[in-house]
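S.K.: Chains A and B supply the protein sequences, listed in that same order. Numbering of the first sequence is given in my numbering, commencing with residue 1 and proceeding in unit increments. Numbering of the second sequence is given in my numbering, commencing with residue 1 and proceeding in unit increments.
Possibly wrong hints are sitting among the right ones.
[Claimed, not checked] Straight-line C-alpha distance at most 30 Å; calculated DSBU-like pairs for lysine-lysine:
1) A:LYS18 - A:LYS3
2) B:LYS59 - A:LYS3
3) A:LYS57 - B:LYS63
4) B:LYS57 - A:LYS3
5) A:LYS3 - B:LYS63
6) A:LYS70 - A:LYS13
7) B:LYS3 - B:LYS59
8) B:LYS57 - B:LYS3
9) A:LYS71 - A:LYS3
10) A:LYS53 - A:LYS13
11) B:LYS17 - B:LYS71
12) B:LYS71 - B:LYS55
13) A:LYS55 - A:LYS3
14) B:LYS17 - A:LYS55
15) B:LYS57 - B:LYS17
16) A:LYS57 - B:LYS3
17) A:LYS70 - A:LYS57
18) A:LYS53 - A:LYS70
[To be verified] Here are some, though not all, of the chain A residues that point toward chain B, as calculated from beta-carbon distances under 8 Å:
19) ASN31
20) GLY42
21) VAL52
22) ALA81
23) GLN101
In short, the hints are calculated from the structure, not lab data. Note that the Cβ used here is the ideal one computed from N, Cα and C, for glycine as well.
As a plain string of letters, each chain reads:
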Amino acid sequence: DVKVTQSSRYLVKRTGEKVFLECVQDMDHENMFWYRQDPGLGLRLIYFSYDVKMKEKGDIPEGYSVSREKKERFSLILESASTNQTSMYLCASTLETGDNQPQHFGDGTRLSIL
Amino acid sequence: SQKIEQNSEALNIQEGKTATLTCNYTNYSPAYLQWYRQDPGRGPVFLLLIRENEKEKRKERLKVTFDTTLKQSLFHITASQPADSATYLCALAPADAGNMLTFGGGTRLMVKP
């Protein structure tokens, strides 16, 4: 089974801090994604990566950046955390093929910005 | 703008009955539609994928339909059990989106014994 591991289940940070959220997958998947999930808004895509050092903006990239130095690891960075970035953050991965593939999710990081 | 709608109100049903969840979309021409289950405090888990040229897909007690004319997918759980209680998300992708998905807000299902 594919395992997607997010480094923290819960995280509390202060406004203005630089925050790193880490995600690791163990199945050699090409594609990795970062979402945030908020009540009433569903999952919204922040960034995705289709290869090492490659990234594309999703629907809500403002205030975030990402890093993918190794295939198995995809990091989400909040450059200067703000209270409106308090949310559940979910990482996912898929194997690249020509067809639509299911996404495999981690269990999320619940981030609170005080 | 593109919109995916799932009933935001919880669906409460009795154990043994069939649960039917709805996913409607507008201003969208998806080639694929996926359904996920999400338990509290956990990430979504993939259940089923259906393509635009497929009308129906089944997996054990699960059945998904995809009507591109009505712009709607229905997700059925037959002989529902309390363990089926969770939030169910639909997700859509156009043909050229690779593995990108757009998610609906999810519907919470409560199955009472």
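S.K.: Confirm or reject each hint.
M.R.: Outcome of the hint check:
1. A hinted pair counts as satisfied when its Cα atoms are at most 30 Å apart, and A:LYS18 with A:LYS3 qualifies at roughly 27 Å.
2. Restraint check: the Cα-Cα separation between B:LYS59 and A:LYS3 comes to about 23 Å, which is no more than 30 Å; the hinted pair holds.
3. Between A:LYS57 and B:LYS63 the alpha-carbon distance is near 34 Å, which puts this suggested pair outside the 30 Å criterion.
4. For a cut-off of 30 Å, the pair hint linking B:LYS57 to A:LYS3 stands: about 26 Å separates their Cα positions.
5. Pair hint A:LYS3 plus B:LYS63 holds up; C-alpha atoms about 26 Å apart against a cutoff of 30 Å.
6. Of the pairs offered as hints, the one joining A:LYS70 and A:LYS13 holds, with about 26 Å between alpha carbons and a cut-off of 30 Å not exceeded.
7. A C-alpha spacing of about 27 Å is found between B:LYS3 and B:LYS59, which places the hinted pair at or below 30 Å, so the restraint holds.
8. Distance hint between B:LYS57 and B:LYS3 is fulfilled; the C-alpha atoms sit about 23 Å from each other, no more than 30 Å.
9. Taking the CA atoms of A:LYS71 and A:LYS3, the gap is about 14 Å. The hint holds against a cut of 30 Å.
10. For a cut-off of 30 Å, the pair hint linking A:LYS53 to A:LYS13 stands: about 27 Å separates their Cα positions.
11. Proximity of B:LYS17 to B:LYS71 is assessed by CA-CA distance (about 26 Å); at most 30 Å being required, the pair is judged to hold.
12. At most 30 Å may separate the alpha-carbon atoms for a hinted pair to count; B:LYS71 and B:LYS55 meet this at roughly 12 Å.
13. With a C-alpha separation of about 21 Å, the suggested pairing of A:LYS55 with A:LYS3 holds against the 30 Å cut-off.
14. A hinted pair counts as satisfied when its Cα atoms are at most 30 Å apart, and B:LYS17 with A:LYS55 does not qualify at roughly 45 Å.
15. At roughly 20 Å between alpha-carbon atoms, B:LYS57 and B:LYS17 fall within 30 Å of each other, so this suggested pair holds.
16. For the suggested pair A:LYS57 and B:LYS3, the alpha carbons sit about 20 Å apart, so the restraint of at most 30 Å is met.
17. A C-alpha spacing of about 19 Å is found between A:LYS70 and A:LYS57, which places the hinted pair at or below 30 Å, so the restraint holds.
18. Distance restraint check for A:LYS53 and A:LYS70: the Cα-Cα separation of roughly 8 Å lies within the 30 Å cut-off, and the hinted pair is therefore satisfied.
19. Interface hint status for A:ASN31: upheld, as the beta-carbon distance to the closest one in chain B is roughly 5 Å, under 8 Å.
20. For A:GLY42, the suggested interface contact is upheld, since its CB lies about 4 Å from the closest CB of chain B, less than 8 Å.
21. Because the smallest distance between the Cβ of A:VAL52 and any Cβ of chain B comes to about 17 Å, over 8 Å, the interface hint for this residue is violated.
22. Taken as an interface hint, A:ALA81 does not check out: its beta carbon lies about 22 Å from the nearest beta carbon of chain B, beyond 8 Å.
23. Checking A:GLN101 against chain B: minimum C-beta separation of about 5 Å stays under 8 Å; hint holds.
This entry does not satisfy hints 3, 14, 21, 22, going by the numbered hints stated previously.
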